[in-house]
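Each residue of the sequence shown is one higher than the last, beginning at 14 in the working numbering.
It should be emphasised that the hints constitute simulated quantities derived from the structure, not laboratory data.
There's no promise every hint is true.
Unchecked claim - Calculated lysine-lysine pairs in the DSS-like style (CA-CA distance at most 27 Å, straight line):
| hint | residue 1 | residue 2 |
| --- | --- | --- |
| 1 | K48 | K101 |
| 2 | K101 | K131 |
| 3 | K37 | K48 |
| 4 | K101 | K40 |
| 5 | K101 | K37 |
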Amino acid sequence: MVPNSSTSSFGVSNIVSPHISLKKDHKRVLECLQKALRIADSILDVNVSLELFIEILNQSLYYFIHGNEMINSKYLNGLIELISNNFKTVGVPDHNGEGAEAGDKKKKLDAVLEVTWKHFQRTLNYIMEQQTNDSRFAVIAI
14 MVPNSSTSSF GVSNIVSPHI SLKKDHKRVL ECLQKALRIA DSILDVNVSL
64 ELFIEILNQS LYYFIHGNEM INSKYLNGLI ELISNNFKTV GVPDHNGEGA
114 EAGDKKKKLD AVLEVTWKHF QRTLNYIMEQ QTNDSRFAVI AI
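All chains, full assembly: derive it from the sequences and hints.
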C-alpha cells in the first residue's frame with residue numbers, strides 16, 4: 014500500500030488536514046494558547062504553574078516571531094506581567110529586582126523554584142537580545 018497525503022504509512026488518517034496549517038490559522042493559535050493559560054492557571058502547584066506560564070510565553074514568542082498577528086506586544090507584555098506577579102506572590106523579586114523585601118532577596122529559593130526563575134530570566138534575556146536586532150521586540154516591556 015502506498016500512503017497518500019491523508020494517510021500515514023500505517024494506514025491511519027492524519028489528525029490535522031494537510032490543507033490547514035496551525036501557523037497560518039492565527040485565531041486558532043491564540044485560542045490554544047489561551048486555553049493553555051487557563052489550564053496552567055488552574056494548577057495548584059505554583060512551581061508547575063509558573064513553568065507552564067513560561068513555556069506558554071516561549072511558544073507565544075515563536076508565533077510572534079513568525080508573524081502571527083494575534084500574538085502581539087500587548088499579549089506578550091501581559092504574559093510577562095502575569096509571570097512576574099506570580100513570582101512576587103511566592104517571594105521572588107520581579108525581573109527588575111523589585112517587589113520583595115531586602116531580606117526576602119537573600120532568602121534561599123527552593124531548588125525547583127530557582128530553576129523556574131532562571132528559565133524565566135533566560136527568556137527575558139532572549140527578548141532583550143532580540144530588542145537590539147528586531148524592531149518588533151522594542152515594544153515588549155521588560
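Here's how the hints hold up against the structure:
no. : hint        : verdict
1   : K48 / K101  : holds, 24 Å
2   : K101 / K131 : holds, 15 Å
3   : K37 / K48   : holds, 18 Å
4   : K101 / K40  : violated, 31 Å
5   : K101 / K37  : violated, 36 Å
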